[in-house]
Amino acid sequence: MHVLVIVIPILLSVISVLLALLQHCYFPTTVYKRASIYYNTPEFEDLIPTDKKSFELGYPIAMDLHNEDLVLNDLTSALKFELKDIGKAAGPSKRQMGTDSEVYNTIQAALAFKMIGKGNKAMKLFEHASAMAPDNADVLNWYGEFLEQHDIVTADELYFKALTYSPDHQAALSNRKRTAPVVDRLDLKLFQEIDKLKDVLKNRMKLDNFDAVKKQAYYLHIYHTIGIEGNTMTVEQLRYVLETGHVVSGKSLLEHNEVLGLEKAMQYVKLLTRTEYIGVKEILGIHRRVMGHVDPIKSGVFRAEKVFIGSHVPPPHEEIPSLMENYVEWLNSEEAYTMHPVRHAALAHYKLVDIHPFVDGNGRTSRLIMNLILLKAGYPPAMILKEQREKYYDTLKAANVGDVKPFVRFVAQCTLQILDMYLHGTRSLSLDGPDQQEILEI
Numbered sequence: 001m002h003v004l005v006i007v008i009p010i011l012l013s014v015i016s017v018l019l020a021l022l023q024h025c026y027f028p029t030t031v032y033k034r035a036s037i038y039y040n041t042p043e044f045e046d047l048i049p050t051d052k053k054s055f056e057l058g059y060p061i062a063m064d065l066h067n068e069d070l071v072l073n074d075l076t077s078a079l080k081f082e083l084k085d086i087g088k089a090a091g092p093s094k095r096q097m098g099t100d101s102e103v104y105n106t107i108q109a110a111l112a113f114k115m116i117g118k119g120n121k122a123m124k125l126f127e128h129a130s131a132m133a134p135d136n137a138d139v140l141n142w143y144g145e146f147l148e149q150h151d152i153v154t155a156d157e158l159y160f161k162a163l164t165y166s167p168d169h170q171a172a173l174s175n176r177k178r179t180a181p182v183v184d185r186l187d188l189k190l191f192q193e194i195d196k197l198k199d200v201l202k203n204r205m206k207l208d209n210f211d212a213v214k215k216q217a218y219y220l221h222i223y224h225t226i227g228i229e230g231n232t233m234t235v236e237q238l239r240y241v242l243e244t245g246h247v248v249s250g251k252s253l254l255e256h257n258e259v260l261g262l263e264k265a266m267q268y269v270k271l272l273t274r275t276e277y278i279g280v281k282e283i284l285g286i287h288r289r290v291m292g293h294v295d296p297i298k299s300g301v302f303r304a305e306k307v308f309i310g311s312h313v314p315p316p317h318e319e320i321p322s323l324m325e326n327y328v329e330w331l332n333s334e335e336a337y338t339m340h341p342v343r344h345a346a347l348a349h350y351k352l353v354d355i356h357p358f359v360d361g362n363g364r365t366s367r368l369i370m371n372l373i374l375l376k377a378g379y380p381p382a383m384i385l386k387e388q389r390e391k392y393y394d395t396l397k398a399a400n401v402g403d404v405k406p407f408v409r410f411v412a413q414c415t416l417q418i419l420d421m422y423l424h425g426t427r428s429l430s431l432d433g434p435d436q437q438e439i440l441e442i
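The numbering of the sequence shown is the UniProt record's numbering, which starts it at 1 and goes up by one.
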């Protein structure tokens with residue numbers, strides 16, 4: 001008995017030493033190896049600052065902001081320049097009532113103007129006819145045939161719409177059989193252009209002055225994201241709110257809270273770029289931050305009521321938990337990660353907004369998920385301008401009736417747009433840089 005009293009403490013001491021050695025030698029190595037897999041730093045992660053104070057150190061708000069304003073105006077003008085290419089929807093979005101005879105006469109007049117080479121007048125009449133009869137397959141097909149020579153992408157979209165309303169429409173079937181392969185090649189070329197500019201931008205980020213561009217792009221991102229939802233704050237006003245914590249006179253509490261919530265959500269998205277799996281918990285976390293200041297009770301919680309979005313009716317709220325489980329399974333699947341990241345991001349946006357899991361904040365949450373995927377894949381976050389709101393919603397509507405390509409194409413064009421904006425903002429910062437000639441060639 002006396003021997004056991006002596007031996008047992010010795011054995012316990014030896015075991016403790018062995019456990020300590022095991023913990024020191026094995027566990028840190030395992031954690032490090034996992035970290036090296038899960039936490040690869042995304043190339044453009046720094047475009048979303050974790051702390052806005054990093055901006056304030058270099059650019060205090062009390063200083064003369066003349067140079068910064070030049071950068072902001074320059075970036076804004078670059079974005080506005082792109083609107084002419086992607087801001088217009090395929091056909092008018094507002095329906096105008098008309099009788100069958102009025103539609104027929106308008107089409108006949110449009111075809112007559114087309115025959116004599118008066119394209120502008122023909123265009124206006126085709127637009128008017130499609131506004132009066134947006135679900136008329138003949139009208140959509142004729143309109144597509146008129147556009148095909150100079151805008152085959154929009155023509156292809158119109159042929160698809162015609163087939164949505166009349167699946168056996170022979171002319172539309174024949175036309176789309178011809179245009180679809182061409183449009184697919186154009187979409188592939190668009191992805192290739194994005195990849196090329198992404199590599200150029202990666203080198204431009206090494207410039208010291210890139211911080212000035214990055215700062216203003218960050219504020220523009222918040223401005224346009226909340227602007228799509230109707231927030232009326234200017235870039236200067238939301239910047240003042242974020243950098244000083246003070247309120248802006250004449251702006252509602254709701255608008256202030258939308259700004260604060262989006263910034264919190266963007267910071268959270270930056271943290272998520274280093275996680276391997278995007279689950280329901282992470283999506284709820286994004287929504288909780290987006291809406292936390294606006295509606296704390298319903299933020300980060302699935303809706304428990306029926307909602308309507310125009311003519312589109314999202315799934316019943318009882319189905320949301322299972323739909324979201326299916327969604328995250330697809331989101332992290334091999335199928336999703338083998339497609340081009342821009343397509344993956346666009347489809348992730350559309351699928352989530354189609355489920356519409358929340359009472360409010362679905363669009364902002366979906367756009368953040370889209371940009372999370374882009375960042376994780378090594379692309380900069382896309383920016384959808386508030387001036388592109390109509391096109392944005394029109395392409396989502398097209399996806400609702402079965403044609404998701406216009407929305408994927410729209411997101412790709414927005415990604416290309418943000419790349420152009422960054423390169424435009426940095427092109428004058430280093431005239432002798434190694435990528436200067438490549439940028440000029442592009």
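Bear in mind the hints are in silico, worked out from the structure with no lab data behind them.
None of the values given here were measured: they were computed from a predicted structure.
Among these hints, one or two may not hold up.
[Stated by the list, open to error] Cut-off 27 Å, straight-line C-alpha distance, at most; resulting in silico cross-link-like pairs (DSS-like, lysine-lysine):
(1) Lys270 with Lys206
(2) Lys202 with Lys264
(3) Lys177 with Lys270
(4) Lys189 with Lys202
(5) Lys298 with Lys270
Hint by hint, here is what the structure shows:
| no. | hint | result |
| --- | --- | --- |
| 1 | Lys270 with Lys206 | holds, 20 Å |
| 2 | Lys202 with Lys264 | holds, 26 Å |
| 3 | Lys177 with Lys270 | violated, 43 Å |
| 4 | Lys189 with Lys202 | holds, 20 Å |
| 5 | Lys298 with Lys270 | holds, 23 Å |
Checked against the numbered hints listed earlier, the structure breaks hint 3 alone; every other hint is satisfied.
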